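Going down the list, the protein sequences come from chains A and B.
The first sequence maps to residues 1 to 308 in the working numbering.
The second sequence maps to residues 309 to 616 in the working numbering.
The hints are simulated quantities; they were obtained by calculation from the structure and are not laboratory data.
Keep in mind that this is a model prediction, so the values were computed, not measured.
The beta-carbon is built from N, C-alpha and C at its ideal position, and this holds for glycine as well.
Treat the hints loosely; a few may be bogus.
[Claimed, not checked] What follows is a set of in silico ranges between Cβ atoms, one per label pair, in the way DEER data are often shown:
no., chain 1, residue 1, chain 2, residue 2, range
1, A, S111, B, K345, 23 to 29 Å
2, A, Q275, B, D565, 53 to 59 Å
3, B, E592, A, N128, 23 to 29 Å
4, B, K536, A, L182, 57 to 63 Å
5, B, Q611, A, P231, 52 to 58 Å
6, A, K228, B, E506, 34 to 40 Å
7, B, D565, A, K277, 58 to 64 Å
8, B, K433, A, T129, 36 to 42 Å
9, B, S419, A, M204, 34 to 40 Å
10, B, D514, A, P231, 52 to 58 Å
Number of protein chains: 2
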Amino acid sequence: MINKLVANIRKTNAPIVVGLDPTMKLIPKFLMDKAVKEHGETMDAAAAAIWEYNKGLIDAIAEYIPAVKPQIAMYEQFGIPGLVAFDKTVKYCQEKGLVVIGDIKRGDIGSTSTAYAIGHMGSVKIGNTVCKGFGEDFVTVNPYLGSDGVKPFIDVCKEEKTGIFVLVKTSNPSSGEFQDQLVGDKKLFELVGEKVNEWAMDCMGDEYSYVGAVVGATYPEEGKIMRKVMPKSFILVPGYGAQGGKGKDLVHFFNEDGLGAIVNSSRGIIGAYQQEKYAQYGEEGFADAALAAVKDMQQDIAQALASK
Amino acid sequence: MINKLVANIRKTNAPIVVGLDPTMKLIPKFLMDKAVKEHGETMDAAAAAIWEYNKGLIDAIAEYIPAVKPQIAMYEQFGIPGLVAFDKTVKYCQEKGLVVIGDIKRGDIGSTSTAYAIGHMGSVKIGNTVCKGFGEDFVTVNPYLGSDGVKPFIDVCKEEKTGIFVLVKTSNPSSGEFQDQLVGDKKLFELVGEKVNEWAMDCMGDEYSYVGAVVGATYPEEGKIMRKVMPKSFILVPGYGAQGGKGKDLVHFFNEDGLGAIVNSSRGIIGAYQQEKYAQYGEEGFADAALAAVKDMQQDIAQALASK
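Kindly produce the complete structure, drawing on both the sequences and the hints.
Below, the structure is given as structure tokens:
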């Protein structure tokens, strides 16, 4: 899948990933109204509206982007119906040729991490039948439990040719609380990054590794350091747009080959119709607004990379 | 819910929690065979077998224990049908008066952590209707992202009177890889523990806080330290039994009042029928074997606490 991600980025010339994070505030009102008419004020209505919203977005933007990143929490909040919408979204995006990064931030120990890994990227055997779960192409993984927690994911990656992004330095304001603590002469997230590099070297695709990392756009200096520590890892960069990151802050997350990073925007794209800049599309034009925002983001990053 | 947990522990005189972690290896063969007959070799069959297994276990042991801890990964690996079984299990246990600790180890930032928190312990408003998600009483939370990641859970705890257990020192062999790193004169997990104590003091039930911590039974010395650092936090202690922890290792996780800790056993209880010690119950007697194992565990811990 890392090879497919690289190929998709080259094809679209867009090292970007769209976060499919459908919150109540973002779902267009007309979609929610329609769903409530059909399903009443229920979780099923929320799930139906999410699905219509996602489908509209994907149909509009799929050929311009290499990948999507559905944030499972936004589906999990609507219980089982929400997770059914997540599942449908993953599969629909894959049919459209997109790489799907499940933003699940799971992490546990041994057999439990294995269960997450096979649930999201692998399969279970029931009798003699192989059954596939959610089937994302990549997932995000929390490293707090150490190698025991991450290795089971890597084992599944090797078997299924899928990949992971390990949280190294997250984009949120208090990420430093633990991640920036000084351990000897290095910060904790640097130690995690070194570990990621170890795991990555053991698990290579053609040019890049199956094992990548998450480093927030809001921490460009840290991105510069981590780029060198993990040369063969793709960096998934959240925090662009709504969280404050800009194209020019991001150039050091990339390698000289113009690859090695993929920048996420969620609200900035899927909620573009709510922004003044794209207001002309109106609520019903939410998908076209998203496409316009994708094109703007693609340009912003391409320009920044060109003038690096 | 912390008050209910304390009351349930007093009532049963058993500071123990049974991990409902149904893996393929643990589910009795006759239950799986029956489910496959009905549903074919599908995820639905796995989910049906899990549900029968859990129901049998709960019916047998509910009055002897204060709480259960279903590990969501073991359900998530069977996709949507697995999560439906999780949902049913949570609700059934609550009907039986048990406190349910959802072992979900979630953790993200801001609005995303909020989504997890309301999905698992709160509710969403759809139109004018309040809809509840999975509805656990407690969940486990990963602290790697810092306060931003944990506070949204605490906000929901305050509103819903639910609780969390924050991962401090996990039971797995490589937990030290990051958690034991020396930051100044303290280890990282101690810093996390101090933070837990801060959060806990802001969120008190009658005797103990809504905010607890996870410290593995396999690290009794660390448990002793953390007991003092977080006096008002319940410590959820995994790693008893199958992972190697014994009653006498656990006494220092408790306060002088005999409270403050709750010890988890999963395989050791729900898979008791597979152990030589309980072989006389046979596969069909899996629930009675579990009950016998619960009683043995209760005694082991009570004796250890009595001779503290």
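Do the hints match the structure? See the list:
no.: 1; hint: S111(A) with K345(B): 23 to 29 Å; result: holds (27 Å)
no.: 2; hint: Q275(A) with D565(B): 53 to 59 Å; result: holds (56 Å)
no.: 3; hint: E592(B) with N128(A): 23 to 29 Å; result: holds (24 Å)
no.: 4; hint: K536(B) with L182(A): 57 to 63 Å; result: violated (25 Å)
no.: 5; hint: Q611(B) with P231(A): 52 to 58 Å; result: holds (56 Å)
no.: 6; hint: K228(A) with E506(B): 34 to 40 Å; result: holds (35 Å)
no.: 7; hint: D565(B) with K277(A): 58 to 64 Å; result: holds (60 Å)
no.: 8; hint: K433(B) with T129(A): 36 to 42 Å; result: holds (41 Å)
no.: 9; hint: S419(B) with M204(A): 34 to 40 Å; result: holds (35 Å)
no.: 10; hint: D514(B) with P231(A): 52 to 58 Å; result: holds (55 Å)
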